[in-house]
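Based on the sequences and whatever the hints tell you, model everything.
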Amino acid sequence: MPTPRRRLASTCIGTVTAGLLATGAALAAPDEDRAGDSGIAMGAYLDYGPNGVARIPHLSRWLGGKDIRVGHTYLPGDQWAGIEGRVSFLEAWARWRRADEDRMFVLNVPMQARNEERVPDQQVARLIRAGAQGQYDEHFRRLAERLVALGVPDTVIVLGWEMNGVTYTHRCRPDPANWKVYWRRIVTVMRAVPGQQFKFDFAPNRGTDAIGWTKCYPGDDVVDIIGMDSYDQAPGETFDDQISQPYGLQKHVDFARAHRKAISYPEWGLFRRGDNPEYVRRMLRWIEQHKPLYHTITDYCPHGVWQCKQNPESTEVFRSALTPEVPVPVTPTPVVPTPVVPTPVVPTPVVPTPVVPTPVVPTPQVPTPQVPTPQVPTPQVPTPQVPTPAVPTPAVPTPVVPTPVVPTPQVPTPEVPTPQVPTPLPEPSSAAPSPVVPTPVPSPSASSDPEVPEPGTPSPEVPRPSPTAPSPVGPVPVTPSPAVPTPRPTPAAPLPQPQQPPLNSREWCVPINFGEWLSKLIGKQSVCVKIDLGAGSGFWPF
Numbered sequence: 141m142p143t144p145r146r147r148l149a150s151t152c153i154g155t156v157t158a159g160l161l162a163t164g165a166a167l168a169a170p171d172e173d174r175a176g177d178s179g180i181a182m183g184a185y186l187d188y189g190p191n192g193v194a195r196i197p198h199l200s201r202w203l204g205g206k207d208i209r210v211g212h213t214y215l216p217g218d219q220w221a222g223i224e225g226r227v228s229f230l231e232a233w234a235r236w237r238r239a240d241e242d243r244m245f246v247l248n249v250p251m252q253a254r255n256e257e258r259v260p261d262q263q264v265a266r267l268i269r270a271g272a273q274g275q276y277d278e279h280f281r282r283l284a285e286r287l288v289a290l291g292v293p294d295t296v297i298v299l300g301w302e303m304n305g306v307t308y309t310h311r312c313r314p315d316p317a318n319w320k321v322y323w324r325r326i327v328t329v330m331r332a333v334p335g336q337q338f339k340f341d342f343a344p345n346r347g348t349d350a351i352g353w354t355k356c357y358p359g360d361d362v363v364d365i366i367g368m369d370s371y372d373q374a375p376g377e378t379f380d381d382q383i384s385q386p387y388g389l390q391k392h393v394d395f396a397r398a399h400r401k402a403i404s405y406p407e408w409g410l411f412r413r414g415d416n417p418e419y420v421r422r423m424l425r426w427i428e429q430h431k432p433l434y435h436t437i438t439d440y441c442p443h444g445v446w447q448c449k450q451n452p453e454s455t456e457v458f459r460s461a462l463t464p465e466v467p468v469p470v471t472p473t474p475v476v477p478t479p480v481v482p483t484p485v486v487p488t489p490v491v492p493t494p495v496v497p498t499p500v501v502p503t504p505q506v507p508t509p510q511v512p513t514p515q516v517p518t519p520q521v522p523t524p525q526v527p528t529p530a531v532p533t534p535a536v537p538t539p540v541v542p543t544p545v546v547p548t549p550q551v552p553t554p555e556v557p558t559p560q561v562p563t564p565l566p567e568p569s570s571a572a573p574s575p576v577v578p579t580p581v582p583s584p585s586a587s588s589d590p591e592v593p594e595p596g597t598p599s600p601e602v603p604r605p606s607p608t609a610p611s612p613v614g615p616v617p618v619t620p621s622p623a624v625p626t627p628r629p630t631p632a633a634p635l636p637q638p639q640q641p642p643l644n645s646r647e648w649c650v651p652i653n654f655g656e657w658l659s660k661l662i663g664k665q666s667v668c669v670k671i672d673l674g675a676g677s678g679f680w681p682f
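Under this note's numbering, read the sequence shown as residues 141 to 682, first letter to last.
Because the hints were derived from the structure by calculation, they are not lab data. For each residue, glycine too, the CB sits at the ideal point set by N, CA and C. It is possible that some hints are incorrect.
Said to hold, decoys possible - Across the chosen pairs, the derived CB separations fall in these ranges:
hint, residue 1, residue 2, range
1, Ala239, Glu428, 23 to 29 Å
2, Glu465, Gln262, 33 to 39 Å
3, Gly274, Gln219, 16 to 22 Å
4, Arg201, Arg425, 21 to 27 Å
5, Arg281, Ser228, 38 to 44 Å
6, Gly359, Glu428, 29 to 35 Å
This is the structure:
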């Protein structure tokens, strides 16, 4: 089997890579070679360090854009520091893994230091017993903490790979019982680290080799995946021999199924028989048939098909099988339109539906009674107009009494009846009286005073001039009463008349007319003004 030293060797990788990237496209693969895109996670071991990470996108382009989902590398086993993960290249792989949730990081972890120094079986047995007693637990605890800190707590750990062979110091054959105890201690210690989600892959060589690998199986509780490294080499001359041999490919599938575990192929490729396209074709079909969790081809010489130019036929098969199939353009079939024969439309006779009138029942209109609001008249009491006497300059020694001018208000002037001898009042008339200048009478008798219609408020009487010096009195303005319906009361006894001042008196009385019906209630009233200019004035102004 190839050793890690040969896996990590990179003397010819650069030139091989450049040559393969410069090659042209391969011929189209036959249909029987195409494995199809089944969704199985695929990868390749391209280099242990940052170069391996950098080559992944180039391999993807070479395969026509196929998604490389698995990144695979190994920890060096020469010192415990390497097994603890104290190597700088882990950071590059952790960044690649974190860039896409669908990716998978596979890490091969040795179980002993000096892992490739050909340590004798007796010494290997002592190392196995020391591990089973817990002497190396701290190294694996540090590795688990390192992976969690890098953000790859779900790393697939291929622990003590190819343990059934004779190459590595972590081989099982010197002490299978303690080897299984040692494996269990390592898994228990690493699973105890907070945040871990590791999957542990138990991956022997195909075939019996130094010991049947089932004798090294540590138990279902500490194994998540059962893998197998299978190169094109003996035992088995053909691929069918590799399937059916003891502890071969078929035994691997059956054993994993019996233990209800997923399978994997962490390492596969060409080896002893050179360029062997049949092996590559059959291995890809086997993988497609049994659906492993992942598979990674070891891609450096003599095992590889991309970075190794010495296997051109195998390279063509591998590339043709894994390149995603590009759909062939479909030539559209011309569509001949089918003539549409119109179907004659037979009109359906429409039978009118008789309309039954709905009787309309009139809604009776109930009249709302109109209750009249009584209009109560507001009596208007006029303010008496007291004329200011005008004193004219006498033209002759005899004083002339001018007639005072009383302004007539701009309202209808009520008529004042002609003065009569006091008699019982007749039934009042609805017509308003008109003012009339009173006629002087021979004697100042109370019975000779003119009678005016009784207003609402007693009207002041005009003073009676004497026969020798009559004083003309102008008409007294009377404010008309509101136009309201005239009441017709039952005739009543005459009301007392206001007392008239004596003739030639300086007191001037003016009757006030309050309207006919109000005068009957309160009697006749007058406003009297007494003017005294002094005994020696020498004239009477009015």
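Of all the hints numbered above, which does this structure not satisfy? Sort the numbers upward. 2, 5
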